[in-house]
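*Asks:* Read off the chains here:
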Amino acid sequence: MLRRSFLKSTALAAVATLALIPAAHAENAKLKIGFVGVTSGPAAAWGISNQRSMEARAAWLNELGGVQIGDTTYDVQIVAFDDQKDPKRAIAGMEKMAQDGVHYVVGPNVDDGAAAVRPVAEQKGIIYFPYAFPKTLYVAPASNAILGMVANYQSGPAIYKYLMENKGVKKVAFVAANESDPLSQRDSGIEAAKALGLEVVSDKVTYQVDTTDFTPVLLPVLQAQPDLLVLSGVSPANAPQLIRSARELGYEGLISTETAQDASVLAEGAGDLAEGFISVGGASTEELASDAMREFVERYTKMFGEYNDESNTKVYALEYIIETLKANPAAISDVEEFKKTIDTFEAPNPFMVGDAKLRYVGESSFGQKRQLSVPLVVNEYRGGKFETLFVAEVD
Amino acid sequence: MEQIIANGLYLGAQYALIALGLTLIFSLMNVLNFAHGQMYVLGGFVCYTVVAQLGMPFIVGLVASALVLAVLGGLIERFLFRPVIRRSKRDESTMLLAAGIAFFLDAVILLLFGEKQRGVPKVVNGVFNWDFRIIMPYDRILIGMLAIGLIVAFILFMQYSKAGRAMRALAQDRVAAQLMGVDVDRYSMIGFAMGAMLAGLVGALLVTITGVNLGMGGPTSIKAFLMIMIGGAGVISGAIAGGFILGMMESVGLSVLSSYGDVTYLVIFATLMIFLAIRPQGLMGKPWG
Chain L
1 MLRRSFLKST
11 ALAAVATLAL
21 IPAAHAENAK
31 LKIGFVGVTS
41 GPAAAWGISN
51 QRSMEARAAW
61 LNELGGVQIG
71 DTTYDVQIVA
81 FDDQKDPKRA
91 IAGMEKMAQD
101 GVHYVVGPNV
111 DDGAAAVRPV
121 AEQKGIIYFP
131 YAFPKTLYVA
141 PASNAILGMV
151 ANYQSGPAIY
161 KYLMENKGVK
171 KVAFVAANES
181 DPLSQRDSGI
191 EAAKALGLEV
201 VSDKVTYQVD
211 TTDFTPVLLP
221 VLQAQPDLLV
231 LSGVSPANAP
241 QLIRSARELG
251 YEGLISTETA
261 QDASVLAEGA
271 GDLAEGFISV
281 GGASTEELAS
291 DAMREFVERY
301 TKMFGEYNDE
311 SNTKVYALEY
321 IIETLKANPA
331 AISDVEEFKK
341 TIDTFEAPNP
351 FMVGDAKLRY
361 VGESSFGQKR
371 QLSVPLVVNE
381 YRGGKFETLF
391 VAEVD
Chain X
1 MEQIIANGLY
11 LGAQYALIAL
21 GLTLIFSLMN
31 VLNFAHGQMY
41 VLGGFVCYTV
51 VAQLGMPFIV
61 GLVASALVLA
71 VLGGLIERFL
81 FRPVIRRSKR
91 DESTMLLAAG
101 IAFFLDAVIL
111 LLFGEKQRGV
121 PKVVNGVFNW
131 DFRIIMPYDR
141 ILIGMLAIGL
151 IVAFILFMQY
161 SKAGRAMRAL
171 AQDRVAAQLM
181 GVDVDRYSMI
191 GFAMGAMLAG
201 LVGALLVTIT
211 GVNLGMGGPT
221 SIKAFLMIMI
231 GGAGVISGAI
241 AGGFILGMME
251 SVGLSVLSSY
261 GDVTYLVIFA
271 TLMIFLAIRP
281 QGLMGKPWG
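Protein chains in written order, with full-length UniProt numbering: chain L, 1 to 395; chain X, 1 to 289.
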């Protein structure tokens, strides 16, 4: 008797569960947002921090019941594709996004990938958010790319000017990896430094990204005795080694970069030798981070075991996409509607304290609003973490 | 000039140690181990975990890396390469298997250790400065000396131990060695384990200097192949010579050619192409294999 009753109740529970599962799934529609970027190889940290930021934020929003766009509530679904830093793979990734009906894609992470996907994005009606700096991607007639961060030609002059005025920097040297992104960042950095009246004492030295000993690379650079050593476009993997080699060779001047870095990577790779290293970051420093930003860091850490400081900047792209779609629900399947909304869009910035706003910028650099307004936070590495040196805004 | 020579010797010592493992595996089994670089990376991550995560001394990290990679190498030989070599006479079968293992290890490393660059604290602090003619941090000197010590130990092992003699016999003539009673399977496994162990040891040594990240495997394998092409594939002395030559060429190139941009490896590759056209077997290799 008892056994029959147990079987009955088990069967009922199973039927109820089966009946409820489709109902739960049918509750919210899916909003697919793509990511095409590098999540393997030496530059994997750049793309993985992008993808994980999107996944952490999407999980959080879905846990809160989804996002309401117009009359429909959506669960956010991240569709990711590893382009392996290969432009051909980036094109394949963008094609896949088009086949999956994705209209908004974060990435690619590097210049050549971002340039390669442009025809596909424009032809298939995709708005994409590269972390690449070539102006041609954002200046008309280009219109589908929106720069996801602050470009080095925007942050560089601000950093050099600050260091000239506050630290008495007069002579600057540049060193870059022999790849398209760092080389183009070096060239625009040199241009900006010269425009400010700085003396560029070394600008030819480059290195392979797989270099295991930077001593011979840096020797000729440091012989020029610069006040400031700029590591143009340096990846988080190479930055600690370069800093360490420079300090071990007796260099006592300033070292800076215009790329985002991770404090724990610097601590492990360079330790105290990284003290005073200047880089660009997002809004996670104590004085700038809102409660939402702190919760994001907690959730990210819980999901993936360890936070990546690069996500301070990369948390923004998904937020902008969702908030812009909320402002104009017609854009959900029509990117032309999205473009119309860009000019007037404004929403509260949940990740920063105060009355900071999410809005599109870029008029002065690109002649049209094709850049996310991410806070330009210039950090200094001190005692194992970043401290805000100064904050600026980009138009 | 003194600095250039010192840099070249330091680079050469670590390169030679990387090349030794690769050439040992090639000489014993005729296998081009494309996963050698990934084994180097794994060794670095094991050392990082033991030293930075578990807070143990660096020497424990070194031993752990050597053991883990030796066991892994032995298992890879026993369960992957041995069956493939037995069933297929085609060289490309083992090459494809090695490439597959490289991709597999990349994925495992990403899952286990993440995407970030990792490093362990300096083993020794301070910088040796000889009147600004040679500037070399003490930890680099220590790692360079350890690398040279390991190379010497490896040569002595190969020269005077029973296992070393058996492996040299295998490398010279597999069939003759078998007829003389050498257990081919056993010594192939020991050889592969030693090759993997050497890769792991270099990874562990260098994690204190350069750190480690999951993208370092492929470029490391390419450099290791370059070295054994220079010295002669399958020849121990050739691998050592290849390592030191590449290290010296890199050091000289980076100093002398720095004003022309990053042309050092362009010059190295061009030189190697000309060299191989004249002497395809490398400096110490035999033309017949």
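These are calculated hints, taken from the structure and not from any lab test. Check before you lean on any hint, since a few could be wrong.
Beta-carbon label-pair distances, calculated as ranges [as the list claims (entries may be wrong)]:
no.	chain 1	residue 1	chain 2	residue 2	range
1	L	Q223	X	L283	29 to 37 Å
2	X	V127	L	K171	47 to 55 Å
3	X	V127	L	E306	30 to 38 Å
4	X	G100	L	Q223	15 to 23 Å
5	L	K88	X	K89	43 to 51 Å
6	L	E191	X	I5	48 to 56 Å
7	X	M1	L	G276	28 to 36 Å
8	L	E191	X	R90	28 to 36 Å
Covered stretches of chain L, going by a simulated chain X footprint (3 or more residues, C-beta under 8 Å) [stated by the list, open to error]:
no.	segment
9	135-145
10	158-172
11	208-216
12	305-316
Some residues of chain L that are not near chain X, with every Cβ distance over 10 Å (derived) [as the list claims (entries may be wrong)]:
no.	residue
13	Y74
14	V200
15	K204
16	D262
17	S264
18	E268
All C-beta atoms, glycine included, are put in the ideal place defined by N, C-alpha and C.
*Asks:* Please go over all the hints and tell whether each is borne out by the structure.
*Replies:* Hints, verified against the model:
1. L:Q223 with X:L283: 29 to 37 Å: Hint holds: Cβ distance 34 Å, inside 29 to 37 Å.
2. X:V127 with L:K171: 47 to 55 Å: violated, 23 Å
3. X:V127 with L:E306: 30 to 38 Å: Since the Cβ atoms of V127 (chain X) and E306 (chain L) sit about 32 Å apart, the hinted range of 30 to 38 Å holds.
4. X:G100 with L:Q223: 15 to 23 Å: violated, 46 Å
5. L:K88 with X:K89: 43 to 51 Å: violated, 35 Å
6. L:E191 with X:I5: 48 to 56 Å: Distance hint for E191 (chain L), I5 (chain X) is violated at roughly 38 Å.
7. X:M1 with L:G276: 28 to 36 Å: holds, 32 Å
8. L:E191 with X:R90: 28 to 36 Å: violated, 55 Å
9. 135-145: With 0 residues in contact (Cβ-Cβ under 8 Å with chain X), the coverage given for the segment 135-145 of chain L is violated.
10. 158-172: violated (count 0)
11. 208-216: holds (count 7)
12. 305-316: holds (count 3)
13. Y74: With a cut-off of 10 Å, Y74 (chain L) remains clear of chain X, as the shortest Cβ separation is near 29 Å.
14. V200: With a cut-off of 10 Å, V200 (chain L) remains clear of chain X, as the shortest Cβ separation is near 14 Å.
15. K204: Per Cβ check, K204 (chain L) is inside 10 Å of chain X; nearest 5 Å; violated.
16. D262: violated, 7 Å
17. S264: violated, 7 Å
18. E268: Not fine: 4 Å to the nearest Cβ puts E268 (chain L) too close to chain X.
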